[in-house]
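A.B. asks: Below are the chains, spelled out letter by letter.
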Amino acid sequence: MQAKSDLPQGTLDLLILKVVALGPVHGYAIAQRLEQVSRHVVQVPQGSLYPALHRLENRGLLAADWKETETGREAKFYRLTAKGRAQLETEAASWERLTEAVALILKLSGGGAE
Amino acid sequence: MNWWQRLLRRKTMEDQLEKEVRFHLEQHASELIAGGIDPREARRRARLTLGGAEKVKEECRDARGTRWLEDFWQDFRYALRMVRQHPSFSAVAILTLALGVGASTVMFTVVNGVLLRPLPYPQPDTLVAVHGHTSTWNARAFGEQNLAYPDFLDCQRESHSLILAGSFFNGGTVSGSGDPEYVDLQEISYNLFSVLRVNVAQGRSFLLEEDHSGAAPVMILSYSFWQRHFAGRPEALGATVTLDEKLYTVVGITPAGFRVRDSEPDVMTPLGQETAKFLQSRGPHPIGVVARLRPGATLAEAQSELDLIGRHLAEQYKDTNADRSLIVQPLRPNVGDIGSTLWLLLGAVGLVLLIACTNVASLLLARTVSRERELAMRVALGAGRGRLVRQCLTESAVLGLSGGALGVGLAALGFKPFVALWPGSLPRVEEIQLDWRVLLFALTVALLSGFLFGLAPALRAPVRELEQVLRGGGRSIAGSSRRLHSSFVVSELALAVVLLVSAGMLGHTLLHLSTLDPGVNVRNVLVSRMALSPSTLANTNRIRPAWQDVLERARRVPGVKAVATADTFPMREGFNEVGYWPTPDVPEANKRPNALATSVSPEYLKVMGIPLRRGRFFTEQDRLGSELVVVIDEVLAQKAFGGQDPIGKQLWMPDMDYGPFAVVGVVGHVRHWGLAGDDQAQVRAQFYYPFAQLPDRFLKRWSELMSIAVRTEVAPLSEVESLRRELRGVSGDQVLYGVHTMEQLADDSLALQRFLLLLFGIFAGLALVLACIGIYGVLAYLTGQRVPEIGIRIALGASPNGVMWMVLRQSLGMIFAGVVIGTAAALMAARVMFRLVEGMQPTQPSTFGVTIPVLIVAALLASFLPARRASRVDPVIALRQE
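If you're matching them up, the sequences are chains A and B in order.
Okay, so the first sequence: first residue is 15 according to our numbering, each after it adds one.
Okay, so the second sequence: first residue is 862 according to our numbering, each after it adds one.
Rather than coming from a laboratory, the hints here were simulated on the basis of the structure.
The C-beta atom is built at its ideal place from N, Cα and C for all residues, glycine as well.
Any given hint could be a false lead.
[Claimed, not checked] Each computed DSBU-like pair below joins lysine-lysine, with the alpha-carbon atoms no more than 35 Å apart:
1. A:LYS90 x B:LYS1510
2. B:LYS916 x A:LYS81
3. B:LYS1561 x B:LYS1467
4. B:LYS1561 x A:LYS32
5. B:LYS1500 x B:LYS1179
6. B:LYS916 x A:LYS90
7. A:LYS32 x B:LYS1452
8. B:LYS918 x A:LYS81
9. B:LYS1179 x A:LYS32
10. A:LYS121 x A:LYS81
11. B:LYS1277 x B:LYS1452
12. A:LYS97 x B:LYS1179
13. B:LYS916 x A:LYS32
14. A:LYS90 x B:LYS1467
15. B:LYS918 x A:LYS97
16. B:LYS1561 x B:LYS1510
[Claimed, not checked] One side of the interface only, derived from the structure: several residues of chain A facing chain B at Cβ under 8 Å:
17. GLY41
18. SER108
19. TRP109
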């Protein structure tokens, strides 16, 4: 079984923003979604998910409402604000530039590692 | 949500956080249960995955960014609980602080009103004053130089960066219905109000076409004159007022308290209508000038522009304007030299506040030591050092702010009585009020003192050796704490020494000054300004007989022994400085020595009781046409002629515009600058010249500011009414105003020193009491901590006296250190006082010899009680405490 990778510093916020961008969602669902989508590669420490959510809410990137779930229970649903959407776009773009650059460098010096 | 909304809805936030985390756990668990896992195991796994609900919640709270505020709120409520739980401790601390903060706030309110508040005109930062300057002008003695009227007009016309307005201080007699009244008159440019951006309260200000000679006479009344003479009736507008026998139509009324150049005139007339000849010349400089910078212009631009104008004038009018330049300065209120006194008092009050802080600090420290277990418990439960320091500081800040709030309350009640107590008149007294600056000051002082006295205890919060503290029950007292306590006591004593010695020095000074001979016999002398009838002044030929008539009439009043006219009086009631030279080759103006000139009638010497040393004083034979004579005082005799006999010698005085004068007599020196100020005054030499020999051309100007002095056989003030009646004159419009007795004037010349002594006495007394409370509290605390040790000593055979001596020795050490440090500081303070207080006597060992024993005895008395208590410790009880 493949070892689970730790999340690189600062990417948790980006991932949360991306998941919330798909539509209002509560904290537990965000945790589920992150693990499913990453095919269990990315280990999201659940303990740091909520502080991150609260921090993003505090910075005005996320907003929250209390709504009922399909099962009829009340839960806190997060959604993206306009500011959050803008932040997601810039961060996603810079992440892509970074990974492309890293990939390029790895290709150039390829062979040494294998 | 804002941070404050979050703070206010903290309860809701907590509930929601709890709900959110619970939802997560239950959701996770129910999914696991659905996958076939035992419910208990499912819930356990859910909790494990999340990693501790409480920890997550704590991190979420941190993420809110309002953590510090929540902590603060918590600390604040805790501090309030502490205040309530220890009511007597809190009351002592808060009252001590309230006294300190209150006293400092009162002083600062005065400093703020007199020295710091801007001028009461809109946009004061674009207001400037324009002064003249020559290299020979002594601005320290005479104040800034005003402008000649033609020079002012030239500046007004040519300046592009300034809008100038002038004013000329004058006086006159208002007659008509009721008693004639001598009033302060300001003759002003038509645009003065618009330059100051002040609107007249009613009517209008002057018009440009009214600011010329020959225009219809118009007048603006001050608010108080309007109240006095028209009882505030609106019909005053358009009414007429007779000023110096000329009818003026009232066109406007100023707002209440309106001031021009630091004085509140009674009435104002257009400057351009003044026909006095000296106003048309560039020689005299009577016009005070204020100006408003035009939009966009800077002070530097205005200055360079006026430099240019000044140079043009100097080239064009060499006789009068050579070497004369123009200076532009930001307009500032003229408060004289009151500033040094105010800062001195603020400094003294600051010392009292420091003592109060030190006292509270030592109280607080004693409590912190007994709270060591509580603090250690907090550390054991995970509180960081920073957190503890913050908690302690919050507590002291709460004490500080409560004390501060109470202090501001005291100050609000206290500053008016304090201002009323101030001897003489305080400049800008109408500006003294509580404003945002004062509140800011009080808040800063309260918070600063809170931190000051809270810091030492806070830093002592235990972090190491927790176990020992918790087990030991906080009885053993660490050496560092004892040293800290002692240093508090030492600094309190040192501060008290400074205040005591200062008070002692002031007392010594006052004693010394009040034994000085003023040079005149001040008993039973009445002095008063006197205005002749305006119709007399208008005709030079009638002035001399009119003064003769005044003297004769006054002499006829029963109880009057002698009467004289004089233009200035001792004790600072006016002065004229004149340069003199004992030979005809008089050097230029700034190289001549100056003397004080007084123009008098022959009986002056008798009225004032000045001793005649040589020669003679004036007689009725010294008149116009006879030889010009002067009588000089001992100081001038010594300065001008050294050891030679001055009688028959001559003096040349170009400033008098006539002369030379023959010296016919020498009289004793008079302390013109007051009992306190005379020794340090720059110009002490004096001479007298007969009013009767004054040339006609000066007669009117001199008579406008003349006074009479009357020696009486009875209490002088009881003669005022009969003198007033007798001197009213044929037309009933001659006025006596500004009546004083010489005794009052001599007394007033020491009033400031007396007032300072009173205040320093109060401060020193306060300091002494606070320091004694401090030393008592600390010793009681320290010996209380040592009861078991003392018990053992006594059980082992120590005598009660020995124990008492042990405690007293400790306090003697502190007292000795406090006195040594305090003496050094007092010597420095003495130097400051010597510079700031007029007539201050140099420091003398006797001052220390009198004041310091008082402190030592008081401090020993305060330590005696704890020492005696220690000597009576019952060893059995003490050891059982262990």
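A.B. asks: Could you run down the list of hints and mark each one as holding or not?
C.D. replies: Structure-based check of each hint:
Between LYS90 (chain A) and LYS1510 (chain B) the alpha-carbon distance is near 109 Å, which puts this suggested pair outside the 35 Å criterion. At roughly 25 Å between alpha-carbon atoms, LYS916 (chain B) and LYS81 (chain A) fall within 35 Å of each other, so this suggested pair holds. Straight-line distance between C-alpha atoms of LYS1561 (chain B) and LYS1467 (chain B) comes to about 26 Å, which keeps the hinted pair within the 35 Å bound. Taken as a hint, the LYS1561 (chain B) and LYS32 (chain A) pair is broken in the structure, with Cα atoms around 97 Å apart against an allowance of 35 Å.
At roughly 34 Å between alpha-carbon atoms, LYS1500 (chain B) and LYS1179 (chain B) fall within 35 Å of each other, so this suggested pair holds. For a cut-off of 35 Å, the pair hint linking LYS916 (chain B) to LYS90 (chain A) stands: about 19 Å separates their Cα positions. Among the hinted pairs, LYS32 (chain A) with LYS1452 (chain B) is inconsistent with the structure: their alpha-carbon atoms are about 90 Å apart, more than 35 Å. Of the pairs offered as hints, the one joining LYS918 (chain B) and LYS81 (chain A) holds, with about 21 Å between alpha carbons and a cut-off of 35 Å not exceeded.
A threshold of 35 Å between alpha carbons decides the hint, and for LYS1179 (chain B) with LYS32 (chain A) the separation of about 87 Å lies outside it, so the pair is violated. As the CA atoms of LYS121 (chain A) and LYS81 (chain A) are separated by approximately 48 Å, the hinted pair breaks the 35 Å bound. Between LYS1277 (chain B) and LYS1452 (chain B) the CA atoms are separated by roughly 47 Å; this puts the pair beyond 35 Å, and the hint is violated. Between LYS97 (chain A) and LYS1179 (chain B) the alpha-carbon distance is near 76 Å, which puts this suggested pair outside the 35 Å criterion.
Restraint check for LYS916 (chain B) and LYS32 (chain A): satisfied, since their Cα atoms lie roughly 26 Å apart, inside the 35 Å limit. Between LYS90 (chain A) and LYS1467 (chain B) the alpha-carbon distance is near 102 Å, which puts this suggested pair outside the 35 Å criterion. Proximity of LYS918 (chain B) to LYS97 (chain A) is assessed by CA-CA distance (about 26 Å); at most 35 Å being required, the pair is judged to hold. At most 35 Å may separate the alpha-carbon atoms for a hinted pair to count; LYS1561 (chain B) and LYS1510 (chain B) meet this at roughly 30 Å.
Checking GLY41 (chain A) against chain B by beta carbon gives a least distance of about 6 Å; that is within 8 Å, so the hint holds. Given hint, SER108 (chain A) at the interface with chain B, is violated; its Cβ is 23 Å from that chain's nearest Cβ, farther than 8 Å. For the restraint placing TRP109 (chain A) at the interface with chain B, the shortest Cβ-Cβ distance is roughly 22 Å, beyond the 8 Å limit, so the hint is violated.
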